[in-house]
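> Sequence:
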Amino acid sequence: MADKIDGVNTVSTSLSPLEGEGLRGDGTAKWYVVHTYSGYENKVKTKIESMVEYRGMQDLILDVQIPTEERVEIKDGRRKTKTVKLFPGYVIIKMIVNNETWYLVRNTEGVTGFVGHGSDPIPLSKEEVVRMGIEKMRIELDVEVGDTIRIIGGPFEGQVGIVEDINPEKQIVKAKVSMFGRDTPVELEFSQVGRIS
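In this text, residue positions in the sequence shown follow the numbering used here: the first is 1, and each later residue adds one.
To be clear, the hints were calculated from the coordinates, so they are not data collected in a lab.
Only pairs whose alpha carbons sit at most 20 Å apart, straight line, appear in this in silico DMTMM-like list of lysine to aspartate or glutamate:
{"id": "1", "residue 1": "Lys85", "residue 2": "Asp63"}
{"id": "2", "residue 1": "Lys170", "residue 2": "Glu135"}
{"id": "3", "residue 1": "Lys94", "residue 2": "Glu109"}
{"id": "4", "residue 1": "Lys45", "residue 2": "Glu109"}
{"id": "5", "residue 1": "Lys45", "residue 2": "Glu100"}
{"id": "6", "residue 1": "Lys174", "residue 2": "Glu164"}
{"id": "7", "residue 1": "Lys85", "residue 2": "Glu128"}
{"id": "8", "residue 1": "Lys85", "residue 2": "Glu49"}
{"id": "9", "residue 1": "Lys170", "residue 2": "Glu69"}
{"id": "10", "residue 1": "Lys176", "residue 2": "Glu187"}
{"id": "11", "residue 1": "Lys85", "residue 2": "Glu69"}
{"id": "12", "residue 1": "Lys47", "residue 2": "Glu109"}
{"id": "13", "residue 1": "Lys80", "residue 2": "Glu69"}
{"id": "14", "residue 1": "Lys174", "residue 2": "Glu157"}
{"id": "15", "residue 1": "Lys80", "residue 2": "Glu70"}
{"id": "16", "residue 1": "Lys43", "residue 2": "Glu109"}
{"id": "17", "residue 1": "Lys126", "residue 2": "Asp63"}
{"id": "18", "residue 1": "Lys176", "residue 2": "Glu189"}
{"id": "19", "residue 1": "Lys176", "residue 2": "Asp147"}
{"id": "20", "residue 1": "Lys176", "residue 2": "Glu157"}
{"id": "21", "residue 1": "Lys30", "residue 2": "Glu128"}
{"id": "22", "residue 1": "Lys47", "residue 2": "Asp59"}
{"id": "23", "residue 1": "Lys47", "residue 2": "Glu100"}
{"id": "24", "residue 1": "Lys45", "residue 2": "Asp59"}
{"id": "25", "residue 1": "Lys174", "residue 2": "Glu144"}
{"id": "26", "residue 1": "Lys176", "residue 2": "Glu164"}
{"id": "27", "residue 1": "Lys94", "residue 2": "Glu128"}
{"id": "28", "residue 1": "Lys174", "residue 2": "Asp147"}
{"id": "29", "residue 1": "Lys174", "residue 2": "Glu140"}
{"id": "30", "residue 1": "Lys126", "residue 2": "Glu140"}
{"id": "31", "residue 1": "Lys94", "residue 2": "Asp26"}
{"id": "32", "residue 1": "Lys85", "residue 2": "Glu135"}
{"id": "33", "residue 1": "Lys94", "residue 2": "Glu127"}
{"id": "34", "residue 1": "Lys43", "residue 2": "Glu53"}
{"id": "35", "residue 1": "Lys94", "residue 2": "Glu53"}
{"id": "36", "residue 1": "Lys174", "residue 2": "Glu189"}
{"id": "37", "residue 1": "Lys170", "residue 2": "Glu70"}
{"id": "38", "residue 1": "Lys30", "residue 2": "Glu127"}
Start from the sequences and build out the full structure, keeping to the hints where you can.
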């Protein structure tokens, strides 16, 4: 049902834009992956952000990202830094899914749909969010230089090491691990380290 405010049609919030669809989501903000036409990622991001601003939905759609990374290319002896999309054809959105937010995102020009089953978007897990570099999870690690640690993730999982250096800003531990009869220095993320008590 549409209302008119100052000559502008607005949708009543008491009715879902998708009647008969039922309620979506659980009311908490999570990260979702949206598939777009290739090359439309920036246009989709801009369009969603402007629609969120226009409709005053900043408390429902919190963040829109296109994960990128800087890559250095050397051509003809010249270093050139280039920004590359990590997931071409995808936009990542932190939002509270309800019928209104689903409808806004799904009907944005250039969007082909949410990643999920049919019309139900599936949120990313916390591990996927961290692995994709969307959000950095700060980990407080209770170890000091000289402590013995157990490696709980990555290629050295199950090994034991001695802490040589800790970098809290980068969330990295440098440790010595005994492999093939000799001590080998390795760099580990805080999430890959467990303390041996």
